[in-house]
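**Q** Read off the chains here:
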Amino acid sequence: MIRLENLSKHYERDGRQVAAVNGINLEVGRGEICVLLGPSGCGKTTTLKIINRLVVPTGGRVLVDGQDTSEFDAITLRRKIGYVIQQVGLFPHMTVEENIGIVPRLLGWPKERRQKRALELLDMIGLEARQYVGRYPRELSGGQAQRIGVARALAADPPILLMDEPFGALDPVSREALQDEFLAMQARLQKTIIFVSHEIDEAVKMADRIAIFRNGLIVRQGTPDDVLADNDDPFVASFVGRDRALKRLRRHRCKEILEPCTRTFAPGAPHVVPEDDLRTALSLLVEADLDALPCFQPDGNLVGMVRLERIRGLLENGVAREAVA
Amino acid sequence: MSSKYVRVGAIIAVVAALSAWAILSGGVAAILKYKSEILHLTQQHIMLVAYSGGPAIVVGVILGILLTRRRARRICEPVMQVLSIATAIPTLAIIALAMMALGVGRPPALVALFLHALLPIVRNTVEGLRQLPPPELECARGMGMTPSQTLFLVELPEALPIIAQGVRVALVVNVGVAPLAYLVGGGGLGDLIFSGIDLFEPAMMLAGAIPTAALAVSLDFLLSRLTRLLVSPGIRNHDAIVTQN
Chain E
0 MIRLENLSKH YERDGRQVAA VNGINLEVGR GEICVLLGPS GCGKTTTLKI
50 INRLVVPTGG RVLVDGQDTS EFDAITLRRK IGYVIQQVGL FPHMTVEENI
100 GIVPRLLGWP KERRQKRALE LLDMIGLEAR QYVGRYPREL SGGQAQRIGV
150 ARALAADPPI LLMDEPFGAL DPVSREALQD EFLAMQARLQ KTIIFVSHEI
200 DEAVKMADRI AIFRNGLIVR QGTPDDVLAD NDDPFVASFV GRDRALKRLR
250 RHRCKEILEP CTRTFAPGAP HVVPEDDLRT ALSLLVEADL DALPCFQPDG
300 NLVGMVRLER IRGLLENGVA REAVA
Chain V
0 MSSKYVRVGA IIAVVAALSA WAILSGGVAA ILKYKSEILH LTQQHIMLVA
50 YSGGPAIVVG VILGILLTRR RARRICEPVM QVLSIATAIP TLAIIALAMM
100 ALGVGRPPAL VALFLHALLP IVRNTVEGLR QLPPPELECA RGMGMTPSQT
150 LFLVELPEAL PIIAQGVRVA LVVNVGVAPL AYLVGGGGLG DLIFSGIDLF
200 EPAMMLAGAI PTAALAVSLD FLLSRLTRLL VSPGIRNHDA IVTQN
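Chains as they are written, first to last, in numbering that gives the first Met the number 0: chain E, 0 to 324; chain V, 0 to 244.
Okay, chain E solo, but in the shape it has when bound:
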């Protein structure tokens, strides 16, 4: 759905050409979250801004559904692309309702429809609508403000969302909460999302696809599993960190590698539920020095067991697709 072809952006600085983005190629499918990952100054934000034409590229092109975006009017294009930034960017003189209704207003929706849409979106992001519509941004916490920033980007139901470190300024607890809520929302909305981040943990959690940037180039792209399994490129390996095995396990759930229960477990022994991630399972296995854990449904039904051997196998063989229930 979104294709970046040989995209580059060169600036002139002190008479020298500096490349912020130096010929990148990337393809993001419909309904996918693609995370642009890299240290600051690597060109990921510039790439994002080229997509909504806040930055004009010096070479290459951006295709949306096969159409070159430079053929569209920039203003019309931007109204079809949701935009969320780290600083949130809510307008302090507008109420929550007015902030959410900006793009619809630019598109000429009547007032009643904008109000209805604002209530709908507040509901969706889990804020008590009646309580928040009339508030001003200064009366919101950081987490609330960014939830509304996301709602505002979704107001006119754009098929594409660009997010520039949207959760970067939040404390770890609200960041986790917003990431989870956002993923749950995305499962229903199926937007095509390009998400800039400098944090490997966030990328691994959010992404269907990761592109690692360095000095204006994409040095590695693929599924989070592929990227985490990559041990060849020293830059990627250092960026991913030496605990990459644990990071990979975090993406997988116990239900993916459940086996029929063939032994008896002592009552009161450590156990997992199907939705627990494998990092948790591994932690319990190591802590209790066991090689298998029983897995119970939350209602207490035994559904199978998780063996250490299978976890190890998963890390060796890459993605354990055959095991996905």
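No lab work stands behind these hints: they were computed from the structure. Be a bit skeptical, because a hint or two may be false.
[To be verified] Going by beta-carbon spacing under 8 Å, a handful of chain V positions derived as facing chain E:
1) P134
2) E135
3) C138
4) G143
5) M144
6) T145
7) Q148
8) S231
9) G233
10) I234
[Stated by the list, open to error] Okay, the calculated bits of chain E under chain V, using three or more residues with CB under 8 Å as the criterion:
11) 81-88
12) 92-102
13) 127-141
Fair warning: this is a prediction, and the values are worked out from it, not measured in the lab. Even for Gly, the Cβ is constructed at its ideal location relative to N, Cα and C.
Fit chain V to the known structure of chain E by using the hints.
**A** Chain V only, in chain E's frame:
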């Protein structure tokens, strides 16, 4: 906020002291002798402030907007410098210069008052617009606002408290400068003040000075009320930059 109350308080105190002195010395009757002149000249005084201040607001705000546009960024500082220097020229000298070009009467007085009001309005408009966070403006663009939508929906409403502060200072100060119009035959309450001084007639002087002070205080009050009405509650408590000159 507090500095504003100090200023208004000081003016009220002066007016009260003068009024008390007038009453005690039995001068009220002497002042009221000039009742018809007071009414007539107060009207002229308001005209002087309105006819110079109105255009100053329009020109000042537009100039401030133009100077903060991306393309004008480089000339912004030099233009502000020139304006500051121009304002440093005493109003009296400007009136005299304007008189040489425009003759006597109201026009040279209006020109001088207009120039006098311009700087605080331009400066506060520029400051008000410049202090807006760049990411917010980029966000406005990124959502698909045209430059004029960004200006009217985001920049001006957010800068309004500071712009309004500049307008208030400019107009209130002009009420106090307007008596100088008398020197070129521009009319206004200056007629009573300066004639009173020349004729050594305190009652006549007070008949001009007291309404001038009252006018300044009421205008200040009116404009601060108007600002509160116009500024969004979301930014009402922003500390406005006070421009004094």
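**Q** Hint by hint, note whether the structure agrees.
**A** Each hint tested on the structure:
1. With its C-beta approaching chain E no nearer than about 4 Å, P134(V) sits inside the 8 Å limit, and its interface hint holds.
2. Taken as an interface hint, E135(V) checks out: its beta carbon lies about 5 Å from the nearest beta carbon of chain E, inside 8 Å.
3. Hint status for C138(V): holds, given a least beta-carbon distance of 3 Å to chain E, under 8 Å.
4. At about 4 Å, the closest approach between the beta carbon of G143(V) and any beta carbon in chain E falls short of 8 Å, and the interface hint on this residue holds.
5. For the restraint placing M144(V) at the interface with chain E, the shortest Cβ-Cβ distance is roughly 6 Å, inside the 8 Å limit, so the hint holds.
6. Proximity of T145(V) to chain E holds as hinted, the smallest CB-CB distance being about 6 Å (cut-off 8 Å).
7. At its closest, the beta carbon of Q148(V) sits 7 Å from a beta carbon of chain E; the interface hint therefore holds under the 8 Å criterion.
8. For S231(V), the interface hint holds, since its Cβ comes within 8 Å of a Cβ in chain E; the closest pair sits about 4 Å apart.
9. Below 8 Å, beta-carbon pairs count as interface contacts, and G233(V) has one with chain E at about 3 Å; its hint therefore holds.
10. For I234(V), the suggested interface contact is upheld, since its CB lies about 5 Å from the closest CB of chain E, less than 8 Å.
11. Three residues within the 8 Å Cβ limit are the bar, and the segment 81-88 of chain E against chain V gives 5, so the coverage statement holds.
12. Evaluation of the coverage hint for the segment 92-102 of chain E: fulfilled, as 5 residues show C-beta separations to chain V shorter than 8 Å, against a requirement of three.
13. Check result for the segment 127-141 of chain E against chain V: holds, 3 residues qualifying (beta carbon to beta carbon below 8 Å, three or more required).
Against the hints set out earlier in the document, no violation occurs for any number.
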